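Residue strings, one per chain:
2 protein chains.
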Amino acid sequence: MEIDKITSRDVDFAKWYTDVCLSSDLVDYSTVKGSMIIRPLGYAIWENIEQILDKMFKETGHENVQMPMFIPESLLNVEKEHVEGFAPEVAWVTHGGKEKLEERMCVRPTSEVLFCDHYKKIIKTYRDLPKLYNQWCTIVRWEKTTRPFLRSREILWQEGHTMHRTSEEAIEETLKMFNIYKKFQEEYLAIPVITGRKTEKEKFAGAEITYTIEAMMYDGYALQNGTSHYFGNHFAEAFGIRFTDIDNTLKTPYQTSWGVSTRMIGSIIMVHGDNHGLVLPPKIAPFKVIIIPIGEVEEKLNDLKDKLNEANITYKTDETNKRPGYKFAEAEVKGYPIRIELGKRDLENNQVTLVRRDTLEKINVTYEEIIPTIKSLLETMQNDMYNKAKARRDKMIYDVKEYNELLAIAKNKPGFVKINWCGNSTCEDKIKEDTAMKSRCIIENEEISGPCVVCGKKATTRLYVGKQY
Amino acid sequence: MEIDKITSRDVDFAKWYTDVCLSSDLVDYSTVKGSMIIRPLGYAIWENIEQILDKMFKETGHENVQMPMFIPESLLNVEKEHVEGFAPEVAWVTHGGKEKLEERMCVRPTSEVLFCDHYKKIIKTYRDLPKLYNQWCTIVRWEKTTRPFLRSREILWQEGHTMHRTSEEAIEETLKMFNIYKKFQEEYLAIPVITGRKTEKEKFAGAEITYTIEAMMYDGYALQNGTSHYFGNHFAEAFGIRFTDIDNTLKTPYQTSWGVSTRMIGSIIMVHGDNHGLVLPPKIAPFKVIIIPIGEVEEKLNDLKDKLNEANITYKTDETNKRPGYKFAEAEVKGYPIRIELGKRDLENNQVTLVRRDTLEKINVTYEEIIPTIKSLLETMQNDMYNKAKARRDKMIYDVKEYNELLAIAKNKPGFVKINWCGNSTCEDKIKEDTAMKSRCIIENEEISGPCVVCGKKATTRLYVGKQY
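Line order of the protein sequences matches chains A and B.
If you're matching positions, the first sequence starts at 165 in the working numbering and goes up one per residue.
If you're matching positions, the second sequence starts at 165 in the working numbering and goes up one per residue.
With the rest of the complex left out, here is chain A (with noise of 0.2 Å):
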């Protein structure tokens, strides 16, 4: 038996995300192209983001809600842009059982007109609002290049899709489901990211603002790890949604749409793992701890289970027959923040190993001290990842005031580029073009500092740009 070997991460990083995905059990390939399957380890890691953003919905008074899966064509259609921008990426039903259907329905590729066509029928008065609707569901945008968790035909999410009373309440809302994106993903994830409103070119079909959450990834790349959409009241226009207001009068509401997917896990193999495999945050981990127990030590495993339980660690044992050094590397793969080399000699002077993931360092510790020494430790690793990471990404953050430098950093150097621009579209194709870097995001509260970086002319806005998954 061998561990599969990973191409190093400096050498080949696409290779390098792929060997992993496969190596550490997290997805596999399958027949039906362009879909992955999530194997036992990463579908816990989807468990633990659901129950823990699940539990962030609730409180702030979100209610989940089950929509159809599909779209008829008519519907699709009722939103302008909305339609321009996922007619071309959806899977067309067209029969069912042998008949064909009078109209053809697309799988849902995100769920907007099928929230609006329900609020249509519930919401009468000021006294319906806010209706704070989420779920939790698969969606379906035919890609072409496909890659495990990052960009697939099905994707795992959430999308919350609320309407409200008054334009600054669906703001408000807006920006606060967006700051618990943010939260989770550096508290839990344990990674740094940048955040700010996207370009006009950038916003998602239909939206009159999008913010967006980016990660920077260990080769420089970004990842868009999250949106929330304000729609002002074009939706609700379209579909004629209207409600009789406190003042007597009918109106319109204001809506907006939130939502992050499975590609988050894409983004944590590419943010903390190494050339040994995955590296799991703590927080997020569905197993804290694997044990691996050396020679007959069966009592004292015993033992030790009982006190993991106890204080609520959840761990894995490997207890097949495997050689010491086999167990070693596939914990390893498979990214558990700490591995206990339990073995019968240590265990003769009342010793014990600890191993960190994130690190690889080995503690000795006597074994009363395990249980407070892995507590402390878990919550060490959790802020030393999330430490590690915005380091390295902020030495990869440039400040550049010339379009030569911009275009050196393009070819020479991974990362994100800030940039004064003018504000106009142009110059943002023309950075496209010349760089492949597309806008990430405004940066808000930062003073202008020359010129746009691209025409020359007055500069507007700050602005991040970068290359991306």
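Please note: incorrect hints may appear among the correct ones.
Just so you know, same-sequence chains aren't split out, so a pair can sit in one copy or run between any two.
The calculated lysine-lysine pairs, modelled on DSS-like cross-linking and capped at a C-alpha distance of 30 Å, are [unchecked claim]:
1) Lys340 with Lys480
2) Lys491 with Lys262
3) Lys308 with Lys577
4) Lys526 with Lys596
5) Lys415 with Lys347
6) Lys471 with Lys262
7) Lys539 with Lys262
8) Lys347 with Lys469
9) Lys285 with Lys308
10) Lys526 with Lys244
11) Lys631 with Lys621
12) Lys262 with Lys602
13) Lys367 with Lys262
14) Lys262 with Lys244
15) Lys219 with Lys471
16) Lys284 with Lys631
No lab work stands behind these hints, which were simulated from the structure alone.
Note that the structure is predicted; figures quoted are calculated from it, not measured.
Using the hints provided, position chain B relative to the given structure of chain A.
Quick look at chain B alone, frame taken from chain A:
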């Protein structure tokens, strides 16, 4: 404001059912034909079901995964009986964006073939067995006529798919999960069930044995509330799944699958509901209590909320300015197990009124007694609801020796009929043709008490027959 009038369940049961589904805000119809919208109350019930069952699955060693939702036609065709059973009722995706697919794919109606396709890759030796996987997902079956929860084009469910080294182990698994379903429905849903093997004619397409859980609705009709299948190695052989056994020979593993769905919510409604609306068994109700403040009682209301939170009892409050009578009726429609009427005048005498939803009985208690009374009431109600449903069901089961008697019951009395049967499907067909009753399940451990009720030949089996949803 007026509560929607609910049709009497003894006048028009079908209309009553729809009225309850809609006025309790469990579901709504959708513009998407054949699909339903599961509203917050309905989805919260499903979340409870999911949480309780998922814990039972995990405690018995099962892991969750997520398979693709599409099945290419050639993959569906691998197992012959299976495709014949499902092909007539699948939704076909034929186009991705503007392009016609090379091979059309259906949206999964069930996922045996997808799991087999994966198992073929990951099962190599006996060390890889058993594989105990489950998934929570949505499936699609292209039904012509649909009814909320009972028959829908989209169904939320779980499907377990397991692989085993031996046939004995697979049969044991089939029975284990069957018993978990039975326990769950009796203990949590307070629904007494009839359980047993399906006849050859009624078993799942491709299965060797199908065990079924059958519940009797208020109107005497059966609802199949869950099934557990033993496949032998039909699928494994069709897919060429082989493993090296302990004795170093190549063998084919044995397979099971088992599932329950949102259909169970339909049975909660039709077993426990009454003319005032939904009646939720305490153990499955998302909110055990609804508090209705009457007059200025803010201080006591806050105190009561604290007490309920402390006791871990979920609750809602109705603090709108509707009149109390309307609030009471609304609370009844939505099925909250206990209503607390928190009235200013009562509180002056240190009194509070509790109302049991199942019996509508009013109970006056002192303010201090609220929490302990609620706790014991919830337990009592759970048991009472089960016993009431069981007593009603038992009265509607008839033991029949003569075919004329069977015909008379089918015509005049709702319920299930027990018969002696020769085991021949022509007799099963004749019953169905004459009475619309289908065989529900084979009765084990009961002595055969005469000849086949249809043909008069020697009976080999005791059988339940009944009309079904």
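Q | Structure versus earlier hints - violations, ascending order | A | Result: hints 2, 4, 5, 6, 7, 10 and 16 break, sorted rising.
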